[in-house]
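For the record, the sequence lines run as chains A and B.
Heads up: the first sequence runs through residues 1 to 182, numbered per our numbering.
Heads up: the second sequence runs through residues 1 to 536, numbered per our numbering.
There may be inaccurate statements among the hints.
Label-pair distances were calculated between CB atoms; the ranges are [what the hints assert, rightly or not]: (1) A/26 - B/101: 16 to 24 angstroms; (2) A/169 - B/11: 35 to 43 angstroms; (3) B/132 - A/169: 26 to 34 angstroms; (4) A/76 - B/290: 40 to 48 angstroms; (5) B/128 - A/169: 17 to 25 angstroms; (6) A/53 - B/290: 55 to 63 angstroms; (7) B/290 - A/46: 29 to 37 angstroms; (8) A/80 - B/75: 22 to 30 angstroms; (9) A/169 - B/458: 51 to 59 angstroms; (10) B/128 - A/102: 47 to 55 angstroms.
These aren't lab readings, by the way, just hints derived from the structure by calculation.
For glycine and all other residues, C-beta sits at the position ideal for the given N, C-alpha and C.
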Amino acid sequence: MLVSKAARRYATALLELAKEQDVLERTLEDVLLIKGTIESSRDLLIFLRSPVIKPDKKVAALNAIFADEVSDLVHKYITLIARKNRQNMLDEIVTAFVDKYNEHAGIISAEVFVARELDDKQLAEVKQTLEKVTKKTVNLSTTVQKDLKGGMAVKIDDTVINATVKYKLEQLEDVFLSAAKE
Amino acid sequence: MSQVRPDEVSAILRKQLSGFDNEADTYDVGTVLEVGDGIARVYGLSKVQAGELVELPDSKDQKGKSVTGMVLNLEEDNVGIVLFGSSSAVEEGHTVKRTNDIASMNVGEGLLGRVIDPLGNPIDGKGAIIGETVRLPLERKAPGVIYREPVAEPLQTGLKSIDSLIPIGRGQRELIIGDRQTGKTAVAIDTIINQKETQDTDKPVYCIYVAVGQKGSTVANIRKVLEENGAMEYTTIVAAPASVSAPMRYIAPFAGATIGEFFRDTGRHALVIYDDLSKQAVAYRELSLLLKRPPGREAYPGDVFYLHSRLLERAAKIINDDKVAKEMNNIPEELKPKVKGGGSLTALPVIETQAGDVSAYIPTNVISITDGQIFLDTDLFNQGIRPAIDVGTSVSRVGGSAQVKSMKKLSGTLKLDLAQYRELEAFAKFGSDLDASTQAQLRTGERTVELLKQGEYQPLPVEQQIALLKVNDEGLLNKLEVTQISEFEAQFLETVGLKYEKEMDALASSGTLSDTFGEKLIEIANSVIDQITATN
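Using the sequences plus the hints, can you model the full thing?
In structure tokens:
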């Protein structure tokens, strides 16, 4: 997801403050709660982004949803965002915060692409190997794509390690075709 | 057609399969955010370099081939790439794959005689490029000062008016400028054809013709002409016709320079013709505007000067010292073992002006970059003076030192005479009462101008040019009518060629016209003139 510069700055501010007050874990929980709520409710996202709805209504709604659930710090933070008129950026800010937190805690997320569902043992094995290679804690997510036919591809940030049957077949096709031309 | 045996096929397949490794591949990717007008903006690709080639494996054009692109803009949160294929095959969300390969092409002797696209793929239907090739980047820094030498060897164009008045040396950059339909391409093609005579010497000149934004039919025609004149054997055509995308037209001259550099850095001589750079500038303007770079004068981006200066700086005469040449800057690893000194790359960029306006942005830029210009004039062209070279405004800043000795001697007076003739010609139009000396000057001038006319695809070897100019210098042509000059030229050259073959060969190799041979030439000229005047 493309995160704007402003969202990253807001996220950094919250992270620094949470670190200073030593409430990092609690803050993360709250942020994840907000993130989960926005992701599960498309209506909320549209509501926040809508230029038609007045800012004070947005603040009131956000307060009504989160005020009782989150810590004091996060509550104040939401109010600040509202006062700066950045509610429409809330989803980007929470995403940026999670990224920043992961970076801080040495966690990387990896996406695994497979043709068939992996069982827990296989997943654990993949996770262990990746952690050994990257020397970081790995957050795995799996995507099943039937047309990969077999093998596995792992995507960490922008880098892909590809060993799927589909990719190999495509490469083989290239080799044969380029040889045929000569 | 020979039969294909099935067991052979399987043997070949097995061979290819055995070389196929089964390791996992690691590469970087990004995602297309938006696409349109040959430009795509990509999220991700965080380690990509500017100028790197990228692939879009998800996209398939009509031929089922995936689109490739080149990274031009590196921004904080996205990467701007230009697409070499059709942008309609690319959609939002497509994966973009790094190739870790700065835009480059495979270059080798196998390219001679071929027509290729700017990425080095053959497009003449003659199959793959054969022979050993090296992979060279399209963008390379020009050689530094210590690796260069002043221009000292001539590059004969075979055109009397150029070789005598605006001589070009190997390693020079000489601009060919003029309106449309003034014979710019003809000058370039004649120059390529004339390099045929160098092919038998120890210093052959290999030619590269870069067609940017021209009609496909024009490119096909040029190829036909070169083939008919036996010039295609030592020539490569880099074709980026008007039908290809702007990025292709933008990199085409760089591809031509890369091929030329291969010859230059391996101690050989090459001539590259960029036809034309105004269309490349237009392609670059298109890209820059779509990439949202700020427009400047005539909406060209700020670095359009650098676009042409870095391209033309790559034309150079390399120092004739292998040891120093091997130290040259920016030599790709693959080329290093082959590097030799003494090579050269001559560039003849072409610029098209609108209604003779040389003070437009691109013409002034390129005029200031190059070592002189050949100015072609519409009026002269319509008067039947072809090549329509305006001798007054055309200059060659460094070619003089490369000129053949006796040619230099003859051209000194020629230039002066022509300049005086032009001045008098303007006056002579008004009055008829002219003194004898003025009339004589006009008479000589008319004949000189007639002598400098030359048909298309008929380049003359330098020794024949010297012989003709010697006759002109002696004032012998005054005995003839203007209409008889071309007849005289043909007969004179034929007689000289038959009678004094050895002397002409000596003149070609030494470049000095001895007094005795000079007298003999005058003798022949007189007899030919007598013959012509007698018959009429």
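Between residue 169 of chain A and residue 458 of chain B, is the Cβ distance one that fits in 51 to 59 angstroms? holds, 58 angstroms
Residue 53 of chain A and residue 290 of chain B, beta-carbon distance inside 55 to 63 angstroms? Given about 36 angstroms between the Cβ atoms, the range is violated.
Within 40 to 48 angstroms: is that where the Cβ-Cβ distance between residue 76 of chain A and residue 290 of chain B falls? holds, 45 angstroms
Range hint 16 to 24 angstroms (beta carbons of residue 26 of chain A and residue 101 of chain B) holds or violated: violated, 48 angstroms
Should the hint that residue 132 of chain B and residue 169 of chain A are 26 to 34 angstroms apart at their CB atoms be regarded as holding? holds, 31 angstroms
Indicate whether the distance between the beta carbons of residue 128 of chain B and residue 169 of chain A respects the range 17 to 25 angstroms. holds, 23 angstroms
Regarding residue 290 of chain B and residue 46 of chain A, is the given constraint of 29 to 37 angstroms on their beta-carbon distance met? holds, 32 angstroms
Holds or violated: the 47 to 55 angstroms window for the beta-carbon distance between residue 128 of chain B and residue 102 of chain A? Given about 48 angstroms between the Cβ atoms, the range holds.
Is the gap between the beta carbons of residue 80 of chain A and residue 75 of chain B within 22 to 30 angstroms? holds, 29 angstroms
Cβ-Cβ distance between residue 169 of chain A and residue 11 of chain B: within 35 to 43 angstroms? Hint violated: Cβ distance 21 angstroms, outside 35 to 43 angstroms.
Violated hints, in rising order: 1, 2, 6; the structure is consistent with all others.
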